[in-house]
Amino acid sequence: MRARKLGGLKSSKRKRLIFYICLLAYPLAHYAVFYIGVNINSVLLAFKKFDGGEFSFLEASNFFANFSNFSGDLFKTSLLKYAAKNSLLMYGVSLLIVLPLNLMFSFFLYKKIPLKGFYRIVLFLPQIVSSIVMAMMFKYFVERGLPGLFSKFNIELPTLLTDVKTAFSTIIAYNIWAGFGTQIIIYSGAMSRISEELVESGKLDGMNMFQEFIRITLPLIYPTVSLFLVAGVAGIFTSQAALYNFFGDEAQANVSTLGYFLFVRVIGKSSTFNDYPYAAAAGLLFTAAALPITLGAKYLLDRFDPMRDAI
Amino acid sequence: MKRKKNGSVNIYKSPFLITGFWLLALYALILLAPMLWAFITSFKDRLDFLDNPFGFPDKWHFSNYATAFRNIYVPVSGQPVHMPILLLNSILYAVGCTLMHTLVPLVTAYAAEKYRYRFSNFVYALVIVALIIPIVGSLPSEIQIMRALGFYDNIIGIWILKGTFLGTNFLILYAAFRSVPWEFAEAAQVDRASQFRIMTQIMFPMVSKAVFAVALLSFIAYWNEYTTAMIYLPSMPTVSYGLYRFQFANTQEINYVPIQVAGCMLMTIPLFVLFMAFHNRLMGNIAIGGLKG
Amino acid sequence: MRKKVNLILTAVLLVTFILSSCNGSSSKKNDPNTLYVGNYFGALGDGWLKEAAKGWEALHDNEYKIEIINEKDLYSSSTLATTMPTNREDMYLLTGLTYETFIDKGYLHDITDIVTTELSEYGETRTIEEKIFPQVRDYYNQEDKYYALPFHMAFTTIVYDIDLFDEYNFYFNYSGAGFITQASQKKSVGPDGVEGTDDDGLPATLSQFKQLLAEMRKKGVKPFTWTGQYPHYRKRWLASAWVDYEGAYGYNLNNNFSGAYNFGDGSVTINNSNAYLLQKQPGKLYALELAASIMDDPDYYSSFGFTTSQSHLSAQDEFLMSRQRNQPIGMIIENTWWESEATGTFNDMSVKYGDKWSKANRRFGMLPIPKPDDGSGAEEMTLMCTGGDSVVCIYSGSPKTALAEDFVRYLHSDEILRLFHRYTGVARAFDYDLTASDLAQMTEYTKIMYNYTNNLNLPIVFYNMFESELRRNNYSYFLEWSWNTTVNSVPYDDPFIAFRNMASMTPQKYFDGLSAPYSDWGNRFL
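Protein chains in written order, with our numbering: chain C, -4 to 306; chain D, 1242 to 1534; chain S, 104 to 629.
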């Protein structure tokens, strides 16, 4: 190890250690409070109720009331069924449409196609423009601009964002539309680190661009991609898919997602401290459901790492 | 590789790149059309917009911008807080959070990458675990803890909240440090430079490009985000939150689309300028490691 | 690069410094000779109040002044609950207030004395109390004391464009079987059954209502528009249909949870333990049938009516502009004050397209709720006031309560009650008569509304006026209670959206699903 190579005086080793501890003291304290503390508190909260101005633990006979309330809602109404279905659909779209597009667009930028400077700005725009502005522009364009355009040809458009037949597809379209930005930068950054020799040798083997993309580029940036993929699984349970931007806390059941459901439960106009334990319990159940999926995804991604055998 | 004069590749040899070019062109059109529409609409008056929602204004009403500027506000304990203060709050919020959310990951990544104690691997693992284990619904708990610490409605508390090393900023900076060889430091160590000096004067400058990129990305994200201010800073609302509320405003003077989109433009223009000034610094300066560290 | 960063940082610091320095002392002075009047600055504006203030100042030889403070969001109950003690305002005119809570907090000044003393200084022989509508008196009178007076009285109704109805002859002929073909023909007697009144020719029954919608569609007129951003407009109108069916007594059971009611299978005494039964008052089923008839055909309503970008103001704009744009819309669901709210649009239109589009020159009317074909439900018409919790009140901690009391009395003299009505077109829940010269200054629509709300002595029910403590204390539970249903395990709280989203939805299915709270009522409240 490099540290050992330096070796030498004991005091310098100790100084090094002390300095190291100083560097990490704040980050770890923060971690203890805002990660471990928050999550433990969240678990406790799931077994509490809000009564007479403060939170207290539920009685033993009723200890799982928050969980049973939530599971009651889960089975009694289809609100949560819709939400679960929509959340999965949204994840599927991000996996099968947004991610491939992100990768391809990054590749095109990396390959310096014409107008790349312009495209680079365009692809990063959804990141610069605030999500609330994106949502407002999209909403007004879809609800006012497009109908105005189509009415010139005497075509009456359905109200895309609120018609039950089109609402969720429109939300999906929005999420694709506004779904580019940071990932492009990170992927194309990773691509630019691929060694030129490797690319050139591929060329000599007669690879075309598409083959280069599939056989060289993707395998080499695979670690970055799989990291985002694994981290993205949680999105099934946390993403509110911009619904709050569009509808405040009044989105209809048919467009709801799990993330939105929980967010509104805590932040909504009519929500009170009474809703905190419920949301915490629901979150705990979601986490329990998400954990095996995430670990499974990680396992699969590791298994299929194209570089696994190469190294 | 065959390049044209301006440095771009000749795409005509590759069907894949031609497809890519047109795909990007299509996306650019789909992205920019609503924005352009919004921009044009922002100059119309109410009747003009009703008459002709898709087309050029019959008269250009630049005053819409002044109207929007005057009317974006957030009530704070009974008093309206207007744009100048909202801007100030946004600056305090975004700059502070950016500093914290860059410095803390920077220091942590430095420690974890350059000090090869066994604990360093553990720190890296913490980041990865936090990234992949989905903790859902901890918002109520976080609100409670923030209140308990006296950080609720307290800008310094919010800066502290955002000063975490968890997340992609750490991974980007970690990867950046990895590409800087330790030999520079060794030379300095022979000169008896302190650990602190090595870190601040030798190692940090080596990753300044990545730091800048990370900071810029964070700044953009914090500037645009409104939920933190909405949830945690009732007395210090930001421009984003002001705009979020603006769309639900219901006085006749501002409750129509042209004024609303003028508000959108107001919010976007400063960031767009900032981005145009620095966008070259973003590209190629960040990369990220994988799950295994 | 570094230069750029430095430059930006310096600029940021500079801006921060400048902005923070101009955010200095904001405490406003409080003048002992000025009465600060907080005015909820919504549709009613402040024109009438300025006028009233001028009159009052003159009466006091300009010794005292009135400063009007116009606010909107800052005057919600939840905000005022914390800000009233620190605000400068001595008194308020508010569109809604959780009256009891503010009494409990001790924020409201006891005004019993001035309310129960004759208004002799204005040459009147009655007290303010004697003028208050009897339906609302009990609500404001808490244990023999008054802490506030009702402010305005507004109704959510169907508003129709008389000019357009005239142009297309959308009136039933005298026999009621079809429509008139010429303006000179005799119209049907309308819902009130009396010839020569405002509602002549308008649909009297549900089937006539359906006929009208079909006729409008046939002639290329879209029957309805409304706001999509605020679904409660539609729901309030629906509630007023329910009220009209049940009559005042039956509906008020929902506000007081006490009294006998017959659901068709014998009389039940409603109390806290069984108030959930009210979920299935037959009036609701009828209201649902009305909603279903409107939602029957997508051509019956503007598609913007279900978009969140359609605020009540853009709905008014769409309605007002529709005839000018040759895409006519016949009716809008709106509140009494809508004309006042849309003043800007009327003005813009008359400037741009000519004086015939001005507020004074356009005629609108109120379309009463049609009655069921089978004659079920209450026979007479019952109105539902939607702003039942509006108040005029004085802050108890004000150093100028005596001055404020004097102004409150002035505001409730006949002259100023009339002034308010004349200016805003909106009624106050007091007994007063507009003069011919008042009426001459009002629009057709506000005159018609005045007729319904003040002249005809119709029973009026006040929404939001909850006498039941159980209902008051569980405000958010009951907020969307009335229309909460579950059909095929999908929850709905908006009948219009339910009919739109679910092709197989029927009024009966929606109604059956209203019984969802039956099972958890006991857990929750008993």
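Worth double-checking, as some hints may not be accurate.
Below, simulated DSS-like cross-link-like pairs (lysine-lysine); rule was C-alpha separation at most 30 Å, straight line [said to hold, decoys possible]:
no., chain 1, residue 1, chain 2, residue 2
1, S, 208, C, 44
2, C, 43, D, 1403
3, D, 1403, C, 107
4, S, 313, S, 289
5, D, 1300, S, 459
6, S, 612, S, 313
7, S, 322, S, 550
Because the hints were derived from the structure by calculation, they are not lab data.
Here the structure is a predicted model, which is why all the values come from computation and not from measurement.
**Request:** Please write out, lowest number first, the hints stated earlier that are contradicted by the structure.
**Result:** Of the numbered hints given earlier, the structure breaks just one, which is hint 3.
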